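Visitor: Chain residues, written in single-letter form:
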Amino acid sequence: MSPFLFWPFALLMLIFGVAVVINRNPVASALSLVVSFLGLAALFMSLDAYFIGIIQVLVYAGAVMVLFLFIIMLLDLRAEEGRQVSWLALIGGIAVALALLAQILYVIHNLKSAQQAFPPLARSTFDDVRNVGLLLFGSYNLPFQIIGILVLVATIGVVLLSKREPR
Amino acid sequence: MVTLGDYLIVSGILFTIGFAGVMLRRNLIIILMSLELMLNAANLSLVAFSRFHVQQSGLPDYNAQVFVFFIITVAAAEVAVGLAILVALYRARQTTDVKDIMSLKF
Chain B
1 MSPFLFWPFA
11 LLMLIFGVAV
21 VINRNPVASA
31 LSLVVSFLGL
41 AALFMSLDAY
51 FIGIIQVLVY
61 AGAVMVLFLF
71 IIMLLDLRAE
81 EGRQVSWLAL
91 IGGIAVALAL
101 LAQILYVIHN
111 LKSAQQAFPP
121 LARSTFDDVR
131 NVGLLLFGSY
141 NLPFQIIGIL
151 VLVATIGVVL
161 LSKREPR
Chain R
168 MVTLGDYLIV
178 SGILFTIGFA
188 GVMLRRNLII
198 ILMSLELMLN
208 AANLSLVAFS
218 RFHVQQSGLP
228 DYNAQVFVFF
238 IITVAAAEVA
248 VGLAILVALY
258 RARQTTDVKD
268 IMSLKF
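Chains as they are written, first to last, in the working numbering: chain B, 1 to 167; chain R, 168 to 273.
Because the hints were derived from the structure by calculation, they are not lab data. For clarity, every value in this text was computed on a predicted model and none was experimentally measured. Every residue gets a Cβ at the ideal spot worked out from N, C-alpha and C, and that includes glycine. Treat the hints with caution; some may be incorrect.
Partial selection, computed: residues in chain B whose CB lies under 8 Å from chain R [said to hold, decoys possible]:
no. : residue
1   : L67
2   : I156
3   : G157
Pair by pair, the computed Cβ-Cβ distance ranges are [what the hints assert, rightly or not]:
no. : chain 1 : residue 1 : chain 2 : residue 2 : range
4   : B       : G133      : R       : I268      : 36 to 46 Å
5   : B       : L88       : R       : I268      : 12 to 22 Å
6   : B       : L121      : R       : L256      : 20 to 30 Å
7   : R       : D264      : B       : L161      : 11 to 21 Å
8   : R       : I252      : B       : Q145      : 34 to 44 Å
9   : R       : A259      : B       : V107      : 26 to 36 Å
10  : R       : V265      : B       : L161      : 15 to 25 Å
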């Protein structure tokens, strides 16, 4: 929770998040996304959510990013050649995004609890994975099984989608 | 001292970056990556609220962390299906640019 850890990782995450959007080369975008996710995982750890932080590194920086890089290299995507930029679309998109940011900041500014620091925990070390697991297999057992079905359906769907149709 | 508001502002900026990526970029792969950024911004604010709402036992509110777990699972499935659709589209049209996909455009 120390500011010396929070701001560097937050800035790292935001800078590489911007790099994802502005890079012309898809491979550079994907690698920037990895760094951005690692910064986010550090922020999760600074919030005492160690399990979520490790899951973030394993699932996002590991599995999802390998999938992205694999698809980019499978399709052999090059950097976009300099098509002419539509300035109207560019300015309009940035204006809509800035309007959204202004609304978000306004809501956070008016939130009373936003000014308060985080309350201290009862002790510094605790069984993070055990507590999440008890909830997950206890009160959230049904959603957990539904999510299992969802992943199964997604797997079958991906296999069907990427199968070549016999002609 | 880092407050709850700082985490929420960082989360809001990250969401805006992802939103701008979806609005501005025309490459479908970059649009999918920007979607991931937006989902992760939501995760960050959920975890920040989880840490802020300390329970009677002195532990963070784990309900939000279970919710984040579900979001990560659904996002992984969504990326897999999205990329499979992208590959099928590339086979049919040899493009990943949204400007070239206008069969449904009136």
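Visitor: Against this structure, judge whether each hint is valid.
Guide: So, going through the hints one by one against the coordinates:
Of the supplied interface hints, the one on B:L67 holds, with its beta-carbon coming within about 6 Å of a beta-carbon of chain R, less than 8 Å. Of the supplied interface hints, the one on B:I156 is violated, with its beta-carbon coming no nearer than about 10 Å to a beta-carbon of chain R, more than 8 Å. Look at B:G157: its Cβ gets to within about 6 Å of chain R, closer than 8 Å, so that hint holds up. Take B:G133 and R:I268: their Cβ atoms lie about 43 Å apart, and the range 36 to 46 Å holds.
Restraint check, B:L88 to R:I268: a C-beta distance of roughly 21 Å satisfies the suggested window 12 to 22 Å. For B:L121 paired with R:L256, a C-beta distance near 48 Å fails the hint of 20 to 30 Å. For the hinted restraint 11 to 21 Å between R:D264 and B:L161, the CB-CB distance of approximately 20 Å keeps it satisfied. A C-beta distance of roughly 26 Å is found between R:I252 and B:Q145, which places it outside the suggested range of 34 to 44 Å.
Evaluation of the 26 to 36 Å hint for R:A259 and B:V107 yields a failure: the beta carbon distance comes to about 43 Å. At roughly 19 Å, the beta-carbon separation of R:V265 and B:L161 lies within the given 15 to 25 Å, and the hint holds.
Of the hints listed earlier, those the structure fails to meet are numbers 2, 6, 8 and 9, in rising order.
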